[in-house]
Amino acid sequence: MSLRFRPTALALCLLLAGLLALPAPRALADADPPSDVLLIQNVYYPYAPKVPPSLQAQLDDAAARARKAGFPIKVALVASPADLGAIPQMFGHVAAYANFLQREIAYLRPQPTLVAMPGGFGTSATGPRGPAIVRRLGAPRTVDGMARGAIAAVEQLAAANGRPISTAGLGGGKRGHHRTGTPAIVLFAPVLLLALAFGGRTLLTRRRRSPGEDRRDPQTNDSST
Amino acid sequence: MVRAARLSATALALVAVAAAVAAAAASLAGCGAGERGPRARPVAWPVPLPAGRGPAFRLPARGAAAAHARAIGPLRCVAGGGGGARVLAHVELFAAGLVVPVPAGIGIAPPLRRRGAYVRGGRCSYPVRTSEPTGLLELRRGARLALGDLFAVWGQPLAHGRLGGFRAPVHAYLDGRRWRADPRTMPLTRGAVVVLEVGRFVPPHATYRFPPAR
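Read top to bottom, the protein sequences are chains C and G.
Per my numbering: the first sequence ends with 225, consecutive numbering throughout.
Per my numbering: the second sequence ends with 214, consecutive numbering throughout.
Quick caveat, the hints were computed from the structure, so don't treat them as lab data.
Think of the CB as a built atom: it goes at the ideal place given N, C-alpha and C, for glycine as much as any other residue.
Don't take each hint at face value.
Stated by the list, open to error - Reference excerpt, derived from the structure (chain C facing chain G, CB under 7 Å, subset only): (1) 30; (2) 47; (3) 49; (4) 50; (5) 52; (6) 53; (7) 57; (8) 85; (9) 88; (10) 104; (11) 128; (12) 132; (13) 133.
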């Protein structure tokens with residue numbers, strides 16, 4: 001080797017270095033059903049197993065209330081790789097998919113996004129406390145658990161972002177979700193009191209009209225007829 | 001002198017290669033940055049593509065013929081969908097590097113029964129239809145269908161140089177492979193994964209995880 005080969009060697013080395021430094025080519029993707037559905041509605045539900053309609057109604061309601069309160073969160077419940085269409089490899093990577101989905105559906109500004117998978121919950125653009133909030137919810141094992149956890153997460157994330165939502169319409173849950181409904185005794189107490197008062201008044205009225213009637217035994221009563 | 005220069009070149013080359021390897025490693029590790037979950041690992045995830053905005057990207061679900069349940073060539077609108085479970089295929093459209101959403105309700109004549117983003121039924125269905133806005137195609141079992149049938153029922157133009165309202169060379173892919181013939185002749189069969197593009201190239205996906213048939 002002599003000096004005249006030096007520029008060629010350098011060029012080859014730099015070319016090799018450049019090639020090595022290039023990041024591996026990454027596929028561009030869109031064909032995951034949640035990204036399409038969430039452009040139109042607030043919650044994506046998995047193909048199977050189905051989420052019970054009552055839980056769907058509660059989660060829809062929570063997301064709608066959050067939107068109304070100024071925290072327009074989108075929620076995806078992903079129960080199997082089939083829910084991810086062309087990117088099934090992201091199943092089980094809930095945090096990565098939450099970031100991916102958020103970037104797909106955001107428009108002009110970051111889009112608060114919550115994803116539930118059987119292994120846990122993931123968030124994106126939900127504020128600094130978002131990841132800690134969903135970590136506390138644990139790992140749901142069923143779609144019911146995913147839905148209940150998502151309801152609790154929407155509530156807590158909205159509150160953490162200074163947009164607390166009314167929980168009057170939300171039903172109670174089991175794991176990872178505190179009861180938000182009004183206890184039945186509170187609802188029915190006034191009715192019960194009214195009924196007791198009405199019953200007492202009727203009794204008193206009857207006593208005033210026929211003071212000895214109640215003291216008569218049934219036999220006497222029967223014989224008099 | 002010559003020996004010194006040779007050594008210098010070799011050292012330079014080694015430094016360059018080492019730097020490149022370090023940069024590549026850092027780049028790969030950075031792919032998982034921002035992920036906070038316990039399952040975080042350095043994997044190169046796909047890059048998300050957003051949907052395009054504006055009327056050109058918002059195609060209506062049907063043309064005049066399907067809106068009135070009229071026959072479209074040999075394709076007839078049959079009440080009850082023609083009976084039997086349907087088989088599934090998938091189509092994805094891109095224009096200028098952005099997603100063109102495929103609406104729910106293609107191949108279903110109004111009045112539609114809607115539930116959120118989904119269409120649960122209508123007056124009648126053609127052999128190819130969509131009930132969700134995900135690009136999932138429901139094909140009548142046993143029907144011999146081509147991509148041109150989907151666009152005919154949809155009421156959108158498709159040709160070598162036309163995709164909906166976009167006029168530019170159309171690149172078609174079936175199961176990840178380039179389809180060089182007329183895109184309208186591409187067969188729509190069970191499990192077909194179709195990608196159509198105009199403008200900027202988007203690497204087409206070759207597989208799709210289908211949900212249970214409906």
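Going down the list of hints, with the structure as the test:
1. Evaluation of the residue 30 of chain C hint against chain G yields a held restraint, the C-beta minimum of about 5 Å falling below 7 Å.
2. Of the supplied interface hints, the one on residue 47 of chain C holds, with its beta-carbon coming within about 4 Å of a beta-carbon of chain G, less than 7 Å.
3. Checking residue 49 of chain C against chain G: minimum C-beta separation of about 11 Å lies over 7 Å; hint violated.
4. Nearest Cβ of chain G to the Cβ of residue 50 of chain C: about 11 Å, over the 7 Å cut. The hint is violated.
5. The criterion of a C-beta within 7 Å of any C-beta in chain G is not met by residue 52 of chain C, whose closest approach is roughly 15 Å, and the hint is violated.
6. A distance limit of 7 Å between C-beta atoms decides the matter here; for residue 53 of chain C the minimum to chain G is near 11 Å, and the interface restraint is violated.
7. Violation of the interface hint for residue 57 of chain C is found here, the shortest Cβ-Cβ separation to chain G being roughly 12 Å, above the 7 Å cut-off.
8. Because the closest C-beta pair between residue 85 of chain C and chain G is about 6 Å apart, less than 7 Å, the hint holds.
9. Using the Cβ-Cβ criterion of 7 Å, the hint placing residue 88 of chain C at the interface with chain G is satisfied: the shortest such distance is roughly 4 Å.
10. A distance limit of 7 Å between C-beta atoms decides the matter here; for residue 104 of chain C the minimum to chain G is near 4 Å, and the interface restraint holds.
11. A hinted interface residue such as residue 128 of chain C counts as satisfied when its beta carbon comes closer than 7 Å to some beta carbon of chain G; here the least separation is about 11 Å, so the hint is violated.
12. Interface restraint check: residue 132 of chain C against chain G, minimum CB-CB distance 9 Å, threshold 7 Å, status violated.
13. A distance limit of 7 Å between C-beta atoms decides the matter here; for residue 133 of chain C the minimum to chain G is near 12 Å, and the interface restraint is violated.
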